[in-house]
Amino acid sequence: MPRSRLVFWLFFAPVLLWLLLLIVLPHLDLLTMSFRGENDYGEMGWTLQNYRNFFTEPVYWLTFVRTALYALITTFITFLLAMPVAFYISKLARSRVRGALMILLLLPFWVSELVRVYGWMILLRESGVLNFVMLKLGLIDKPVEMLYNDAAMIMGLVYTSMLFMIVPLVSVMESLDDSLIEAAHDLGAGKIAIWRTIILPHCKPGITSGAIVVFMLALGNYLTPNLMGGKNSLWFTEQIYNQFIASFNWNQGSAFGFLLLALSSLIIWAGLKLTGQRLGEVAS
Amino acid sequence: MIRSLPRGRGYSWSFNAFIILYFMFLFAPLVVTCVLAFNNSDFPSLPWQGFSLDWFAARGPERIGLFHDDQILRSLLTSLQTAVCVSLLSVAVGTCASFLFEKENFRFKGVLYLLMLAPLVIPGVILGISLLLASNSAGAFLDETFGLDFAVFRPSFWLVVLGQFSFITTFVTLVVSARLRKFDPSLEEAALNLGATQFGVIRHVTLKFLRPALIGAGAVAFLMSFENFNTTLFLVGSEPTLPVNLYLQVRDGSTPVINAVSLLLVVGTSLLALVNLYFTKRED
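Line by line, the protein sequences are chains A and B. Position one of the first sequence corresponds to residue 1236 (the working numbering), numbered consecutively onward. Position one of the second sequence corresponds to residue 6 (the working numbering), numbered consecutively onward.
Hints should not be assumed to be uniformly reliable.
Stated by the list, open to error - Covered stretches of chain A (in silico footprint by chain B; criterion: 3 or more residues with CB under 8 Å from a CB of chain B, positions within the stretch not fixed):
no.	stretch
1	1280–1287
2	1303–1313
3	1317–1328
4	1399–1405
5	1413–1421
6	1436–1442
7	1474–1483
What the hints assert, rightly or not - Over the 12 Å line for every Cβ pair with chain A, so calculated as not near, a few chain B residues:
no.	residue
8	PHE30
9	GLU109
10	GLY152
11	SER161
12	GLY168
13	PRO261
Hints listed in this document are in silico derivations from the structure and should not be mistaken for laboratory results. Yeah, the Cβ is synthetic: ideal placement off N, Cα and C, and Gly gets one too.
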């Protein structure tokens, strides 16, 4: 069908403005800012100093490595927890129950992340609900601080990003034909063989897209590590925040920001390459 | 293994127990938060000291309930205004984008499509700082060259709207595109043959068909904007949105008034999500 140029430009212009002004330009600005800084005379100029600081100050790169590792661990735990839940919903639950379970699954995630983290804080902290219950039951003698440590933080991250793993897993599992599993079973395959040779290979696209989203959400999270992690469990986004808001050193902050962006892009790219998929397919 | 195959009793039983535990894990923080909003205590913790509506309706001076807390009410209003602006803007531009990518062909379409997907893999914090930098640069540039001063380029309401719009539009585009793919182009051709103008066709045929998806995408955009924290944190000026305001309060020690707000958010978002679900279900 022939379309007029006018209609084309009507669609094209706002999209181009959006992507150019709000996505491309700001990130180019981030990149240039990260290579600028003051020299010894207090003049602005091009420099690698911001990146040099990152590699010479152990606290910066250690936080960076820690954040990346913990984000990976979070992704893996989320996957382990989401797999059986997705399997139950798509293959074991009756169809009426399935719809209800999906709604129940979605509801907590529509509520602000802050409310969810706050809920965990009043559950876990020293004067919290869990401590109160355990004291009453006589399980412990004095309150234990369960918040403000790495385990609590990872649990919080798993909790907040859970849904983004379960939903893609459910949708790929629903497309898996039951008769394949039945045939394997009839031919004498055990549970482990069925999981390894049929279910997991079929779920690969869902696992990839879920893992990418969860990893990125964990890596870029600020709220959960900040409120649930301890004083010693710095997250890299907190370093960025500190540079921007507390120290007002925007150039250093830009360098950190760009490093984080590079890391997340690299890992996502590697994930897509390993599983032989493209971003376009994963997104839809 | 699956429903159609024989399962051991132990297997079924432990799987059901796992699912029940999982949903308890999912809802525990929300339920505890909501229940403690009614506790007649100065702290959001047990023991239960009796039922009270103080944290909703008290007028002070010792306890100020949610409905008399100006700061919270103001930030709630800011959040609502932001969410309305963001959802209107992102639905408008997102619809243009899905028309562009589904119906038009042009050079560099693939590049532009990838760019449109980029916000999915950019951590929210990075998006926030990039926009902060870019708007600051733009403001400085205009000030130096033309001597003009625009408040838009400083952290403010409109900068928050732009920041949230920049990534929410991607989600809107994906939702609307999915619906547009199901559209039968012969309907458009028929309308054109019968003498409709190009704009008439889009208005009366295509947009009519897309309406459920547009409403759904608008609701998703509204919720995403309302609960956004990571990007917003860097762009807020003197008027914090509700999540940012709550974050500052939680960080500096909490009162049950936060539980009351959380309850309101849980109820509000659940209702909106259910209404949205009902409409999408009915359309299928």
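Consistency of the hints with the structure:
no., hint, result
1, 1280–1287, "violated (count 0)"
2, 1303–1313, "violated (count 0)"
3, 1317–1328, "holds (count 5)"
4, 1399–1405, "violated (count 0)"
5, 1413–1421, "holds (count 4)"
6, 1436–1442, "violated (count 0)"
7, 1474–1483, "holds (count 4)"
8, PHE30, "violated (8 Å)"
9, GLU109, "violated (6 Å)"
10, GLY152, "holds (21 Å)"
11, SER161, "holds (16 Å)"
12, GLY168, "violated (8 Å)"
13, PRO261, "violated (9 Å)"
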